[in-house]
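> Listed below, chain by chain, are the residues.
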Amino acid sequence: GAGVSQSPSNKVTEKGKDVELRCDPISGHTALYWYRQSLGQGLEFLIYFQGNSAPDKSGLPSDRFSAERTGGSVSTLTIQRTQQEDSAVYLCASSPIGGEGYEQYFGPGTRLTVT
Amino acid sequence: TQLLEQSPQFLSIQEGENLTVYCNSSSVFSSLQWYRQEPGEGPVLLVTVVTGGEVKKLKRLTFQFGDARKDSSLHITAAQPGDTGLYLCAGLDNYGQNFVFGPGTRLSVLP
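Chains A and B supply the protein sequences, listed in that same order.
The opening position of the first sequence corresponds to residue 1 in the numbering used here, with each subsequent residue numbered one higher.
The opening position of the second sequence corresponds to residue 1001 in the numbering used here, with each subsequent residue numbered one higher.
Incorrect hints may have been included.
Here are the simulated lysine-lysine pairs, DSBU-like style, with alpha carbons at most 35 Å apart [to be verified]:
hint: 1; chain 1: A; residue 1: 57; chain 2: A; residue 2: 11
hint: 2; chain 1: A; residue 1: 57; chain 2: B; residue 2: 1070
hint: 3; chain 1: A; residue 1: 57; chain 2: B; residue 2: 1056
hint: 4; chain 1: B; residue 1: 1070; chain 2: B; residue 2: 1057
hint: 5; chain 1: A; residue 1: 57; chain 2: A; residue 2: 15
hint: 6; chain 1: B; residue 1: 1070; chain 2: B; residue 2: 1059
Where chain A lies over chain B, by a calculated footprint (3+ residues, C-beta under 8 Å) [said to hold, decoys possible]:
hint: 7; stretch: 1042 to 1049
hint: 8; stretch: 1092 to 1099
For each label pair, taking beta carbons as the anchor points, the in silico distance ranges come out as [as the list claims (entries may be wrong)]:
hint: 9; chain 1: B; residue 1: 1058; chain 2: A; residue 2: 96; range: 16 to 22 Å
hint: 10; chain 1: A; residue 1: 16; chain 2: B; residue 2: 1096; range: 34 to 40 Å
hint: 11; chain 1: B; residue 1: 1017; chain 2: A; residue 2: 8; range: 35 to 41 Å
hint: 12; chain 1: B; residue 1: 1058; chain 2: A; residue 2: 13; range: 39 to 45 Å
hint: 13; chain 1: A; residue 1: 62; chain 2: B; residue 2: 1017; range: 40 to 46 Å
hint: 14; chain 1: B; residue 1: 1055; chain 2: A; residue 2: 18; range: 44 to 50 Å
hint: 15; chain 1: B; residue 1: 1027; chain 2: A; residue 2: 71; range: 32 to 38 Å
hint: 16; chain 1: B; residue 1: 1081; chain 2: A; residue 2: 58; range: 38 to 44 Å
hint: 17; chain 1: B; residue 1: 1017; chain 2: A; residue 2: 78; range: 42 to 48 Å
hint: 18; chain 1: B; residue 1: 1014; chain 2: A; residue 2: 13; range: 38 to 44 Å
hint: 19; chain 1: A; residue 1: 17; chain 2: B; residue 2: 1075; range: 43 to 49 Å
hint: 20; chain 1: A; residue 1: 5; chain 2: B; residue 2: 1059; range: 25 to 31 Å
hint: 21; chain 1: A; residue 1: 14; chain 2: B; residue 2: 1017; range: 45 to 51 Å
hint: 22; chain 1: A; residue 1: 9; chain 2: B; residue 2: 1010; range: 23 to 29 Å
Just so you know, these hints were derived from the structure itself, not from any lab.
Note that the Cβ used here is the ideal one computed from N, Cα and C, for glycine as well.
With the hints as constraints, model all of the structure from the sequences given.
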């Protein structure tokens, strides 16, 4: 079956511009996570959606970052007024049930470069 | 804040050698996962360990969760070039919802 997909795969933008990153999770998965991975580093948690519950936004680094999940499926991560330090790979993952050791299925990521 | 450390940061070995990588924390985790990530792809789950002292084997890979559930190790026997990648450990946080990831061990197995 189809896995988690993300678009675009690569995005180059100028400092100060807004960007939108999209994640299509596996159908039926109730949990959706966004992470950021800087070059050669581990994953930094950004935000977590679980069903219809209010999202856990505790990992968002600043108010320039926001995310939505429409209809419990597709999610969009928006970064406003991008800065060079926002350059990273943004990974999305979905899971049939959040936490509790359930497997997270990751997408291939969006590589964001802010020039 | 719960943090995970991994060691070594980099490891380069010859095909056929054995290796162990470590994941350590001062915090207790209710469960811990190991992932492998290849360039240009997202991480792929290898194993989940839940019980302190638990040992799981996956072919040539052996995973152990520390008795106190603060640390874990991954041992690879007779490494192969296909084992090359970034190995990440991730601990389930105290709220049972989010995973804290370590910085990873980058393994290179040379033929």
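> Evaluate each hint against the coordinates.
Comparing the hints with the structure gives:
1. Of the pairs offered as hints, the one joining residue 57 of chain A and residue 11 of chain A holds, with about 23 Å between alpha carbons and a cut-off of 35 Å not exceeded.
2. Between residue 57 of chain A and residue 1070 of chain B the CA atoms are separated by roughly 26 Å; this keeps the pair inside 35 Å, and the hint holds.
3. This hinted pair checks out: residue 57 of chain A and residue 1056 of chain B have alpha carbons roughly 33 Å apart, not beyond 35 Å.
4. Of the pairs offered as hints, the one joining residue 1070 of chain B and residue 1057 of chain B holds, with about 19 Å between alpha carbons and a cut-off of 35 Å not exceeded.
5. For the suggested pair residue 57 of chain A and residue 15 of chain A, the alpha carbons sit about 24 Å apart, so the restraint of at most 35 Å is met.
6. The straight-line distance between the Cα atoms of residue 1070 of chain B and residue 1059 of chain B is roughly 25 Å, inside the 35 Å bound, and the hint therefore holds.
7. Counting residues of the stretch 1042 to 1049 of chain B whose beta carbon lies closer than 8 Å to any beta carbon of chain A gives 5, which reaches the threshold of three, so the coverage claim holds.
8. Figure legend: the stretch 1092 to 1099 of chain B, annotated as covered by chain A; annotation consistent (6 residues with Cβ-Cβ distances under 8 Å, at least 3 required).
9. Separated by about 21 Å at the C-beta atoms, residue 1058 of chain B and residue 96 of chain A satisfy the suggested range of 16 to 22 Å.
10. Range check, residue 16 of chain A to residue 1096 of chain B: about 39 Å between beta-carbon atoms, so the 34 to 40 Å window is met.
11. In this structure the supplied range 35 to 41 Å holds for residue 1017 of chain B paired with residue 8 of chain A, their Cβ-Cβ distance being about 40 Å.
12. One distance hint, 39 to 45 Å for the beta-carbon pair residue 1058 of chain B and residue 13 of chain A, holds here, with the actual separation near 40 Å.
13. Separation of residue 62 of chain A from residue 1017 of chain B is about 44 Å and conforms to the stated range, judged on CB atoms against 40 to 46 Å.
14. The supplied range of 44 to 50 Å is met by residue 1055 of chain B and residue 18 of chain A, whose beta-carbon atoms lie about 49 Å from each other.
15. Look at residue 1027 of chain B against residue 71 of chain A: about 36 Å separates their beta carbons, and that is inside 32 to 38 Å.
16. Distance hint for residue 1081 of chain B and residue 58 of chain A: a CB-CB separation of about 39 Å, consistent with the stated range 38 to 44 Å.
17. Distance hint check for residue 1017 of chain B and residue 78 of chain A: the Cβ-Cβ separation is about 46 Å, which falls inside the suggested range of 42 to 48 Å.
18. Take residue 1014 of chain B and residue 13 of chain A: their Cβ atoms lie about 42 Å apart, and the range 38 to 44 Å holds.
19. Between residue 17 of chain A and residue 1075 of chain B the C-beta distance comes to about 47 Å, which sits within the given range of 43 to 49 Å.
20. Checked against the hint of 25 to 31 Å, the C-beta distance between residue 5 of chain A and residue 1059 of chain B comes to roughly 29 Å, which is consistent with it.
21. The hinted range of 45 to 51 Å is satisfied by residue 14 of chain A and residue 1017 of chain B, whose Cβ atoms lie roughly 47 Å apart.
22. Distance hint check: the CB atoms of residue 9 of chain A and residue 1010 of chain B are about 27 Å apart, consistent with the given range 23 to 29 Å.
Every hint, counting from the list given before, is met by this structure.
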